[in-house]
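**Q** First to last, the sequence lines map onto chains F and H.
Our numbering puts the first residue of the first sequence at 116, with every later residue one more than the last.
Our numbering puts the first residue of the second sequence at 116, with every later residue one more than the last.
For the record, the hints were derived by calculation from the structure and aren't laboratory data.
All figures in this text were calculated on a predicted structure; none of them were measured in a lab.
Just to be clear, a hint being listed does not mean it is correct.
Unchecked claim - Here's a subset of chain H near chain F, in silico, CB distances under 7 angstroms, partners left out: (1) Pro168; (2) Gln212; (3) Ser220.
Note that CB positions come from ideal geometry on N, CA and C, so glycine has one too.
Protein chains: 2
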Amino acid sequence: MLTLWTFDWVPPPPRGHVRDIRLRWALAEADLPHAVATVPFADRGHGHLAQQPFGQVPFLTDGALTIFESGACLLHLAEKSEALMPRDPQGRAETRQWLIAGLNSIEMISVPWWFIGLSQPAANPLEGWLHSRLTHLEAVLARRDWLAAGRFTVADLLMADILRVPALRAADRILDRPAFASAYRDQLAHFAAADAARAEG
Amino acid sequence: MLTLWTFDWVPPPPRGHVRDIRLRWALAEADLPHAVATVPFADRGHGHLAQQPFGQVPFLTDGALTIFESGACLLHLAEKSEALMPRDPQGRAETRQWLIAGLNSIEMISVPWWFIGLSQPAANPLEGWLHSRLTHLEAVLARRDWLAAGRFTVADLLMADILRVPALRAADRILDRPAFASAYRDQLAHFAAADAARAEG
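Make the full structure from the sequences, and use the hints.
**A** Okay, structure coming up:
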């Protein structure tokens with residue numbers, strides 16, 4: 116039984132961007148049955164750290180196995196469904212490579228760029244580096260529809276979510292997929308329900 | 116036939132830290148026969164970008180397959196050798212998870228922190244975030260010798276290399292492995308030979 120773990124509640128600003136959305140999206144693409152469970156946002160205690168040693172979400176439980184890191188969870192789901200990754204060795208290698216490129220060639224710059232931009236938007240020391248990486252990525256996306264294996268894979272899913280932060284338009288069409296819309300709605304509904312429960316409590 | 120691709124030459128400061136060292140180290144741990152080939156550092160032309168779309172190194176060729184991203188190359192090598200990753204599903208999942216944690220929970224902060232520190236060491240806006248992540252990681256490393264599967268894996272190799280930058284001592288013992296020493300020597304010798312060839316030329 117697959118269970119997706121997220122926070123019980125988060126303040127409004129990150130809603131729609133909590134990384135559980137990557138797993139919700141992948142689960143919807145692959146139509147994999149799953150439950151959603153929560154850890155307290157306010158108290159990242161021992162139980163949480165035992166599952167996710169950096170006190171973050173999401174993580175995934177699959178029977179006795181717990182997996183953290185959204186990228187690792189996506190690869191785990193991709194092993195379960197050809198909707199997320201082809202089965203041939205070359206297709207798998209390409210998918211894995213572009214998933215890791217999202218995490219380590221783009222997000223490694225874009226997330227610190229976003230974080231620094233919150234406090235010093237006018238002179239962000241990561242601006243040039245991010246621009247260079249996005250320019251290289253745009254050159255790839257200008258030549259083909261999908262990053263890996265000539266088809267939609269979990270690498271496109273991850274890259275499209277990553278590119279919501281620096282808002283690279285070249286990836287917007289991947290966000291048009293119905294499974295992203297449903298994942299986004301589900302995350303907002305999850306946190307809205309938490310607000311409602313608090314208001315009643 | 117495996118070929119590790121790196122630059123023909125780099126200036127002295129990054130020597131010993133060019134990411135081909137991760138692949139040299141893994142190849143040495145697994146005792147995998149391979150060749151080393153180069154792309155020009157000075158001219159990141161079309162041929163290079165066709166293999167590595169961000170104009171970086173390393174990348175790996177394995178027959179007709181080209182793989183870029185050091186993390187993806189390490190996973191590819193790990194599929195070839197039990198010296199780098201156990202064969203059982205849980206051990207593989209743990210290894211993959213901690214490899215991705217290195218790339219996306221630590222290096223995503225430590226590399227931009229290093230980059231920004233070059234120009235503004237006194238007030239690095241990523242200092243607190245990096246400190247928090249390293250504190251969480253130290254708590255893990257204080258409780259066990261290896262990140263995944265109760266044994267040395269490619270996840271330890273990658274994390275130890277990542278932690279050379281913020282210099283987390285908890286990982287130093289992994290750098291004591293003979294295969295790291297030989298990888299380090301090989302990279303320095305590679306670039307020293309390039310200097311010698313230039314001096315003669």
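**Q** All hints, please: hold or fail.
**A** A quick look at each hint next to the structure:
Annotation: Pro168 (chain H) was flagged as interfacial toward chain F, and the flag holds, the nearest CB pair being 5 angstroms apart, inside 7 angstroms. The interface hint given for Gln212 (chain H) holds, since its Cβ lies 4 angstroms from the closest Cβ of chain F, which is under the 7 angstroms cut-off. A least Cβ separation of about 5 angstroms between Ser220 (chain H) and chain F falls short of the 7 angstroms threshold, and the interface hint therefore holds.
Hint compliance for this structure: no hint is broken.
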